[in-house]
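Engineer: Sequence:
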Amino acid sequence: MPRKRSSAGRRRSGSVQTNFYIQVEKVNRQLRRLERSGEYGSYASKKLLRMANEAKQIKYNRKARSKISIKRGSKFSLIEQRAVAKRFQEFLGSKLSKASEIKKVRAETRRKVKMKLQGLRDEVLTDKDIDEFYSLTHDDDFRYLADKIGDSDVYILLKETQKEGGSAEDLIEKLQQFMIFTNSSDAADKARRLLNKWT
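Residues in the sequence shown are numbered from 0 upward in steps of one, following numbering that gives the first Met the number 0.
Don't read these hints as lab results, they were simulated from the structure.
Among the hints, erroneous ones may be present.
Distance windows between CB atoms, simulated [stated by the list, open to error]: (1) 138 <-> 56: 26 to 32 angstroms; (2) 17 <-> 147: 46 to 52 angstroms; (3) 86 <-> 111: 25 to 31 angstroms; (4) 52 <-> 72: 15 to 21 angstroms.
Please read these numbers as outputs of a predicted model, since none were measured by experiment.
For every residue, glycine included, the Cβ atom is placed at its ideal position computed from N, Cα and C.
Please take these sequences and the hints and turn them into a complete structure.
Structural biologist: This is the structure in structure tokens:
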């Protein structure tokens with residue numbers, strides 16, 4: 000005759016569920032801190048909020064105190080719950096979920112941008128410009144092109160194309176002045192994707 004599960008064994012699933020909801024509350028507390036500091040929706044929180052908007056079981060409301068909540072009646076499989084919990088933990092563990100660290104990263108990025116973007120040195124760089132450049136340098140398509148001609152050159156060409164209202168073909172034409180595009184190269188496709196993402 001099979002043995003009954005111990006009371007500890009029965010509590011385990013409840014404990015996982017309880018820990019999950021505790022984690023949701025921690026995420027909401029951190030989001031409220033970011034909102035108070037004016038850093039809501041940037042860096043780590045931007046990635047988290049994108050996930051919250053896409054997940055079927057999660058409700059997102061910017062105006063609510065609990066900005067992220069689990070939809071009533073939603074059922075997670077264990078795998079789904081672990082995947083969401085992992086994303087929450089990544090946010091909570093990220094330095095860039097904290098306003099003080101965001102300010103440090105932005106200040107350091109601003110310094111590097113001013114050094115790298117010589118072609119834009121006369122322009123006033125806003126926080127949005129700095130955040131955009133930081134995000135770009137972590138984008139795979141940007142990195143592919145920047146590794147060939149440099150971060151600043153790709154950024155300047157991208158900004159020029161945007162200001163001129165140019166198309167992906169215009170960006171490719173500008174890039175071709177700096178690098179060789181072959182028929183077998185993915186560079187053109189990457190340039191098109193990059194412009195589509197950042198316009």
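Engineer: For the hint 46 to 52 angstroms, verify it against the beta carbon of residue 17 and that of residue 147.
Structural biologist: 51 angstroms, holds
Engineer: The hint says 26 to 32 angstroms between residue 138 and residue 56; measuring C-beta to C-beta, is that right?
Structural biologist: 28 angstroms, holds
Engineer: Can you let me know if the beta-carbon spacing of residue 52 and residue 72 is within 15 to 21 angstroms?
Structural biologist: Distance hint for residue 52, residue 72 holds at roughly 19 angstroms.
Engineer: Range hint 25 to 31 angstroms: satisfied by the CB atoms of residue 86 and residue 111?
Structural biologist: 29 angstroms, holds
This entry satisfies every hint, going by the numbered hints stated previously.
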